[in-house]
Amino acid sequence: MANYNRFEAFEMDVLKEVGNIGAGNAATAMSTLLNKPIDMSVPSVQLLPFEEVAERVGGSEQIVIAVFLRVEGDVPGNMFFIMQEHYALQLMKQLLPKEHLDDGTYSELELSTLCEIGNILAGSYLSSLADFTQLQLLPSVPSIAHDMAGAILSYGLMQYGEMGDSALLIETSFLEDCKSLEGHFFLIPDPNSFDIIFRALGVRLG
Amino acid sequence: MISELLIKVGMADLNTAANGEHLKTTGLGSCVGLTLFDPTKHVAGMAHVMLPSSSIAREAPINVAKYADTAIPELIERMLALGANVSRLQAKMAGGSQMFTLPGQTDSLRIGPRNVESCLMMLEQYSIPLISQDTGGNFGRTIELSSKSGTLTIRSVQHGIKEI
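Chain order of the listed sequences is A and B.
This note's numbering puts the first residue of the first sequence at 72, with every later residue one more than the last.
This note's numbering puts the first residue of the second sequence at 3, with every later residue one more than the last.
Among the clues, some could well be false.
Only pairs whose alpha carbons sit at most 20 Å apart, straight line, appear in this in silico DMTMM-like list of lysine to aspartate or glutamate [to be verified]: (1) B:Lys-10 x A:Glu-123; (2) B:Lys-26 x A:Glu-126; (3) B:Lys-10 x A:Glu-132; (4) B:Lys-10 x A:Asp-236; (5) A:Lys-250 x A:Asp-110; (6) A:Lys-164 x A:Glu-179; (7) A:Lys-164 x A:Asp-236.
No lab work stands behind these hints: they were computed from the structure.
Let's have the full structure, built from the sequences with the hints guiding it.
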């Protein structure tokens, strides 16, 4: 099995490309949804100690909106779409101006809208990845949480728990032109999934 | 007076405190924050347990703080070194929630309740009474334990602050 603790730079680059393709398509979907240009960051692929994972979105206690999908099929893994609270509120103001109360809370309709947005974005991320790799990726129904980043992200690290104290994350962020909107994708393939990704993309495993 | 010192306990980590120091761990989801307290010696301990049992570990050497069945003995050991006595220890715990619920969920994703069960079993083994708990639900928690009073303060987004 490919050891995710010791990937070569080349293998990390392949995983970056995975993030690039997935998030590129998701950003296009977001741009269509909002009718605004959306920029995307260079994907980051890192082996992160559990403790540092939540730092990527503002720290363990940072309150975020997160949509989670469990991916089954050829490449089992966990997928998160995460927005900091003020960006999610901003998005609601744009999409549901009549529904949105400016009191920092979310109505049932707003949460379900955010969940569906996460679902659309994660879906386009995963389907472009499936096209590109010719692998079958089967996302679960989406589930949303409005809670501390640490509590949310740790849910996606369990598969790594029995192997060590760090996890390999493929992270991509997008932002709107004037930085009024920002979101993060985290694809966390299960430790055993890397072999399959590499093989599908023609990487020779040593 | 010296202000109360805060000792941070990370994920899959444990630590002890005395002399009025506080122990804190943040963002407990399915993980369990297990705390022990000796009210006579004012010695406190906290473990941020991630998984129920070290029998599934595929790492070597294992991180004892990560698994309920290894973290609790280690925590007790360290508290004894600070003058605590097992017969006086009182336990409290928080966390073990289920952040997301998916249809047809496999057992590995029901980790929160399993962490709680495993912690309870370990406490039973050492005959340590569980004074109070705030476990389950579908939300995250941050906890802080005072080594002076043994009070456990729990903070969550939905339910604010409470003490147990």
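Q.
Which constraints among the numbered hints does this structure fail? Numbers only, ascending.
A. 7
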